[in-house]
Amino acid sequence: MTSQTTIDTTGPGDQIPVAPSDQRPTTGLRGHPWFTLITVAVGVMMVALDGTIVAIANPAIQKDLGASFADVQWITNGYFLALAVTLITAGKLGDRFGHRQTFLIGVVGFALASGVIGLSDSIAMVVTFRVLQGLFGALLMPAALGLLRATFPAEKLNMAIGIWGMVIGASTAGGPILGGVLVEHVNWQSVFFINVPVGVIAVILGVWMLLDHRADNAPRSFDILGIALLSGAMFCLVWALIKAPEWGWGDGMTWTFVGASVLGFGLFAFWETKVKEPLIPLALFRSVPLSAGVVLMVLMAIAFMGGLFFVTFYLQNVHGMSPIDAGLHLLPLTGMMIVGSPLAGALITKAGPRIPLAGGMALTAIAMYGMSTLETDTGSAVMSLWFALLGLGLAPVMVGATEVIVGNAPMELSGVAGGLQQAAMQIGGSLGTAVLGAVMASKVDSDLPGNWKDAGLPPLTGPQLDQAAEAVQVGAAPVAPGTPEAIAAKITDVAHDTFISGMALASLVACGVAAVAVAVAFLTKRGENAEAGAGVGHI
1 MTSQTTIDTT GPGDQIPVAP SDQRPTTGLR GHPWFTLITV AVGVMMVALD
51 GTIVAIANPA IQKDLGASFA DVQWITNGYF LALAVTLITA GKLGDRFGHR
101 QTFLIGVVGF ALASGVIGLS DSIAMVVTFR VLQGLFGALL MPAALGLLRA
151 TFPAEKLNMA IGIWGMVIGA STAGGPILGG VLVEHVNWQS VFFINVPVGV
201 IAVILGVWML LDHRADNAPR SFDILGIALL SGAMFCLVWA LIKAPEWGWG
251 DGMTWTFVGA SVLGFGLFAF WETKVKEPLI PLALFRSVPL SAGVVLMVLM
301 AIAFMGGLFF VTFYLQNVHG MSPIDAGLHL LPLTGMMIVG SPLAGALITK
351 AGPRIPLAGG MALTAIAMYG MSTLETDTGS AVMSLWFALL GLGLAPVMVG
401 ATEVIVGNAP MELSGVAGGL QQAAMQIGGS LGTAVLGAVM ASKVDSDLPG
451 NWKDAGLPPL TGPQLDQAAE AVQVGAAPVA PGTPEAIAAK ITDVAHDTFI
501 SGMALASLVA CGVAAVAVAV AFLTKRGENA EAGAGVGHI
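Residue 1 is where the sequence shown starts when you use full-length UniProt numbering, and the numbers rise one by one after that.
Heads up, a few of these hints could be off.
No farther apart than 16 Å at their CA atoms in a straight line, the calculated lysine to aspartate or glutamate pairs in the EDC-like style are these [to be verified]:
no.	residue 1	residue 2
1	Lys-443	Asp-466
2	Lys-63	Glu-184
3	Lys-63	Asp-121
4	Lys-350	Glu-155
5	Lys-453	Asp-497
6	Lys-453	Asp-493
Pairwise CB distance ranges (calculated) [as the list claims (entries may be wrong)]:
no.	residue 1	residue 2	range
7	Pro-459	Ile-201	56 to 64 Å
8	Leu-282	Phe-522	32 to 40 Å
9	Asp-454	Leu-263	43 to 51 Å
Honestly, the hints are just simulated from the structure, not real lab data.
Idealized CB from N, CA, C, for every residue including glycine.
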């Protein structure tokens, strides 16, 4: 290794040592930057795809295995909990044992767990191996970023992260389309079986192409208590967000878990100042750009994941589209992320992250405002405009915020930084779904009784109104079997109009979150290694 450089932080004398990677020109395939990128992209694609593809299969799984609604929720929640809680710890494992080994173990475990789910004959097996999927996915994701950081010269890292972000965006948005095709024309098991050949390809490429990189001063011990405190705090936070819609935001259980999470994070922060080799050196957060990157990733995910959550219901339940058609209508979003991510990487390399990040969040705010204007009869052209603008806005944020977080961390903590980036996105997505879901529920509860009465519909009892509100919150019309056609049409109109008003308010809140993120973007800057990129060997 060469001599160390440092990253300036906010206080005098507060500096974080950085061990630069051994970024040397390569002559063979093993360790070649672009082949490394292709390899990690294949593995990451599995994890990103599973975040959305399984949602389409849930109704078929419920019917085939005789599962309850709560059981089906655990198919998603179990995966998300395992992924979110262990990402940072998994990143630390990569820093300690090498990102190549961690990546390969993650790919093998994820593919095997997927195959077992496809062979499952009970909901308990499905949920159990979904949790294992999340654990192995957590090993894989930070390791992928660690490999990119160690392999690419600094002046090309943004472009690499741009393509990496493009793969994640395309896989996430393409999940409903592929899931719809597989469930409709094959079976729900195929949604999981598809990961097996993809995993085999990723393992073959990984064994052949990947070169392990480890910083000279990588940590040699584990902060066991720190891992326990952070995992417990993350679990309590994510659990509160998952259960809040069911328990209610004012319920004591919700705030018990929120309080336990705050206490856990506080104890974790205190312990990290005492232990010799902490899980996350708190000096990392003295770097204002890195901290701003983490906050920006959370805010972006709140606006994106929270807003997109309602769009799928809008397309399927209000416009009556099939899952495949709904996925196709989101292609403008996917397409702009595919096109925009590598372009954003090139722009950030030339101009730095601040202006592209601020501009991206501004476009995201405009897109969310536009989505607040959607009506029950809005045409595909108008919808496509706002979806495309959203994809164009998200692309530089996915790339730039990731580079800011990973690029401003020391090389020996690149796995932890990758875990921070992914954890921020997962928590932001959960916050967005929970908070905007609460906004939607409040608006529906407020407007539905009046809208129902104004339409001249028969009055509902309290329990009936609660059941109707639950249906309306996802854009469904609470029409009972045998209802006369004229009354059914009125109920449908009331349900859709009420849902639209709730979605509009939720979109405006997401717009406000994106606007706040514009200001946060101006606190970012490129990583120290990127600024020194001119002196690094080219590929």
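Against which earlier hints does the structure fall short, listed by number upward?
Hint 8 contradicted; others consistent.
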